[in-house]
Amino acid sequence: MTSTVVKRLLAIIPTVVVATLLVFSLAQITPGGAAEAAAGPTASPAQIAALKAQMGLNDPLPVQYGKWLWSLAHLQFGQSVINRQDVGAEIMQRLPVTIELTLLALLVALTVGIPLGILSAARRQTRFDAAVRGGSGLGLAIPEWLLAMLAVDVFALQLGWLPPTGFTPLTDSIGANLQGMILPALALGSGAAAIVTRQTRGAMIEVLDSPFVRTAWALGIPRREIYFRFALKNALISVITVVGLIAGALLGVAILIERVFVIPGMGSMLVDGVGQKDFPVMQGVTVVFVAIVILINLAVDLSYAALDPRIRR
Amino acid sequence: MPSARAGSLDGSAGATTLLEIRGLTVTYGLNTRHRVRAVSDVSLQVGVGRTLALIGESGSGKSSIARAICGLAPVEAGSIWMDGHELTTATDRPVAAGERGIQIVFQDPVSALDPRWPTWRSVAEPLQRHVDSAEERRERALVLLERVGLDRSFGDRHPHQLSGGQRQRVTIARALAPAPRLVILDEAVSALDVSVRNEILVLLDDLKKQGGLTYLLISHDMGAVAQMATDVAVMYLGRVVEAGEAARVIKEPVHPYTDALLAAVPTVSGDVIDPAFRPRGEIGDTAHPPPGCRYHPRCPLAIERCATEEPAMRTVHARLTACHRAEETRP
Amino acid sequence: MAQAIEDQSRPASAWEVTAAPADERRRGRRRGRIGLYLALGFVVALTLIAVLAPILAPYDPIKQDLGNAIASASAQHPLGTDEFGRDVLSRLIWGTRPALLGVLVAIVTACAIGLPWGLIAGYAGGTVDLVLMRIADALLVLPGLVIALAITTALGANLTNAMLAVGIVFSPILARVLRSGVLTVRDREYVVVTRMYGLPARHRMLFHVLPNAMAPALIQITLLTGITFLVQAALGFLGIGVSPPSPSWGDSLSAAYKFIIVDPAAVLAPGIVIVLTVLAVYRIGDAVRDRLEIPA
Chain B
22 MTSTVVKRLL AIIPTVVVAT LLVFSLAQIT PGGAAEAAAG PTASPAQIAA
72 LKAQMGLNDP LPVQYGKWLW SLAHLQFGQS VINRQDVGAE IMQRLPVTIE
122 LTLLALLVAL TVGIPLGILS AARRQTRFDA AVRGGSGLGL AIPEWLLAML
172 AVDVFALQLG WLPPTGFTPL TDSIGANLQG MILPALALGS GAAAIVTRQT
222 RGAMIEVLDS PFVRTAWALG IPRREIYFRF ALKNALISVI TVVGLIAGAL
272 LGVAILIERV FVIPGMGSML VDGVGQKDFP VMQGVTVVFV AIVILINLAV
322 DLSYAALDPR IRR
Chain P
91 MPSARAGSLD GSAGATTLLE IRGLTVTYGL NTRHRVRAVS DVSLQVGVGR
141 TLALIGESGS GKSSIARAIC GLAPVEAGSI WMDGHELTTA TDRPVAAGER
191 GIQIVFQDPV SALDPRWPTW RSVAEPLQRH VDSAEERRER ALVLLERVGL
241 DRSFGDRHPH QLSGGQRQRV TIARALAPAP RLVILDEAVS ALDVSVRNEI
291 LVLLDDLKKQ GGLTYLLISH DMGAVAQMAT DVAVMYLGRV VEAGEAARVI
341 KEPVHPYTDA LLAAVPTVSG DVIDPAFRPR GEIGDTAHPP PGCRYHPRCP
391 LAIERCATEE PAMRTVHARL TACHRAEETR P
Chain V
3 MAQAIEDQSR PASAWEVTAA PADERRRGRR RGRIGLYLAL GFVVALTLIA
53 VLAPILAPYD PIKQDLGNAI ASASAQHPLG TDEFGRDVLS RLIWGTRPAL
103 LGVLVAIVTA CAIGLPWGLI AGYAGGTVDL VLMRIADALL VLPGLVIALA
153 ITTALGANLT NAMLAVGIVF SPILARVLRS GVLTVRDREY VVVTRMYGLP
203 ARHRMLFHVL PNAMAPALIQ ITLLTGITFL VQAALGFLGI GVSPPSPSWG
253 DSLSAAYKFI IVDPAAVLAP GIVIVLTVLA VYRIGDAVRD RLEIPA
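Chains as they are written, first to last, in the numbering used here: chain B, 22 to 334; chain P, 91 to 421; chain V, 3 to 298.
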């Protein structure tokens, strides 16, 4: 097992390199220059030159890259050029919010998707199955952020069941926090739920149709046992792979959901930084997002290997 | 090792040699972990105006020889000479082969032609480098189509609108476009229905006579071989085991393997001719050939010597063969 | 012989398969014909609207009328007005321009980067292929929206740059898809044999390999087009895209949403326009796939 872990760790190095190179080079290629952008339109050439030196932009590129990676490793992301606040500190504040949202959405996707998928596979060709497939089709087709707006319209404004916007930090009140997170999590998780449903259904069907399970049927093993002991375990393996893919996408879409529900997460931080060419913010947030996605993929890869002995090599 | 001179397989001076292969070894995946030596130290000659048939089962290396001649397979050792010019040392081997007058017709009529191109364009493609005008190329392509027995209207059709036999005619027309001297027919009729096969063989024969062509025919179909070949070389697991004039080899094979191969052809009367030397076991693996004579595990005539010493090619009964007991197989 | 029979039933390329037996094709066509015509009609209509916007729009989309802000649908303003009193219908009509142009920029960028990428990787093979595809795989792991925003920050926040960024994010997808098509086609005889004609690799790649390998890539392109409309709307919703006061669908959506408490129905108009466009593009993409008869 250790060799698998090592192998997987080595495998993500190219991804990390490519991602960091990309984010790093973005600041280099920006038309007009990063120092000019930070200094603002009214700065004098002398001020810009000074800023350039201060930002280390006169060093050779590999040195700049190295220095930047070094500071990243120490979780130093620099200061926002707009409000001069420490980027790292602000990320620390906002990161838990985004993660909470994403995790809740993932939870929704799994608690809705897996049971629906299993039931749908068990009741193939029934109206229930058709309804599930239709529903998941819709979930896939409608973008989460549009669904979010619809949900706000219906559940918050028309029916008044839940608050439309507003975020309460966990530390203040868990209840209020969760109440505010229900709609966002449901909306964000809709697409993912649809994917999980389809994936589970497909995997279950494949397993149920396999000669292995058919033999179990023939031997008279009770239905329940077949489902839980054999079918589920195998189906879950393929579901886990999907979870990895989903998690990455969820993080991205969370940005949009945060906007709809005015949730102070990392997404809004990134978006605000875009218009201002706030490179420390952009680079810091992007790197954190990327790091999370890579870690999730690694975790999925490893649990995949742990569950399926065939993969372990 | 003396070469099997197909133009004069009895060892005497004979017709001019057009294509000569000396000590050819074709190895795939040369620098990787999975090396497969498809052809080992093979020497052959094709005389001008002759048709040399390379026969053998799958895995014997015959297709690899064809591709190596065209520069499409990697050569580990040996050389290939066309009309006195060495092809194997050329920087761009396929171009060199083409320029020296070699063309090839492959087995699969489906993937031989670009499905999106009208027939005339495929046929004219070899001319693209030398003939600038598209109209002239098209005209020459249509003339070629007529030569292979297709009406000019076929020029504008696409491959999926043609039958297998028609497609093969198109492929032949394309091979003739650069006016080659040697045409390699790599199982050119194997994929066709039996009824169509004969038509194509007749066509090939006519074209040969009209155009003064020389053929290298690669086949496992003894019927086609018997119809067309002037000379024959039999291959087993990457080596030539017997080579000589077709009439002699087919009528009276000397090598036990040749005998078994020829005997496997069902006759019209329904009799199955018992080979004099019925082979045992399964065909071997080219990647891991047996020591000594490669055929020895299957050969009913095998003696101790066959398992340790590889037989040399020598002239026996007016043809070349590699067998320790060659003199004894035929009185 | 068995190999040859199998080969003859397996099509050499997607193009080959368009000659499916006539009755099979007819059956497929009858199935969704109406939907396809609607989809095509919708797209054509959108293009016309974009071109004829100055003539079709009843009002100047930028002209404000603060006294009449957030009005509901009426005879004068069929879709109401926004927070600045601007006519929503006119803004939507004018919004087709950036929508269509933006998607065009994104798709052209994705193709310009992704297609050569995949073609070269697939044709060259070996180390070149390995390196190019490792880069593609690394990029595909990363969350697309985040990367697109990052690139947009670097280039400057306007619609063209945002769409360029989206195109860049999509390019590795196209590269992968084209590469697998190229791998299938690269060793076909009609490609290999041209080496003996003295024709350069360029000729093989452009005239034989690319056209025959394009089918799956074409389908991917139609899929991406639909997604790009959504992404563009999403970016506009975030405030990244055309700068105010220029009209865009995403911006109309965002503006309507801001005042959803006051006028809950306002989000419907831009939302429906966006969704219909995406559905239409998807439907056309389905038709393209059916025509090429690639197994999904």
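Where hints are given, some of them may not hold.
According to the in silico footprint, chain V covers these stretches of chain B (three or more CB under 8 Å from chain V) [said to hold, decoys possible]:
(1) 140-147
(2) 157-166
(3) 176-189
(4) 226-237
(5) 288-298
Treat the hints as calculated values from the structure; they're not laboratory data.
Since the structure is predicted, the reported quantities are computational estimates derived from the model, not experimental observations.
We treat Cβ as the ideally placed atom computed from N, Cα and C, and that holds for glycine.
**Message:** So is the stretch 157-166 of chain B in contact with chain V by the C-beta rule, three or more residues under 8 Å, or is the coverage claim wrong?
**Reply:** holds (count 4)
**Request:** Quick one: see if chain V covers the stretch 176-189 of chain B, three-plus residues with Cβ-Cβ under 8 Å.
**Result:** The restraint on the stretch 176-189 of chain B holds, since 3 of its residues have a Cβ under 8 Å from chain V and three suffice.
**Within 8 Å of chain V's CB atoms, at least three CB atoms from the stretch 288-298 of chain B: coverage verdict** = holds (count 6)
**Message:** Tell me whether the statement that chain V covers the stretch 140-147 of chain B is true, taking a Cβ distance below 8 Å and needing three residues at minimum.
**Reply:** Check failed, 0 qualifying residues.
**Message:** Please verify the coverage claim for the stretch 226-237 of chain B: does it have three or more residues whose C-beta sits within 8 Å of some C-beta in chain V?
**Reply:** violated (count 0)
Against the hints set out earlier in the document, violations occur for numbers 1, 4.
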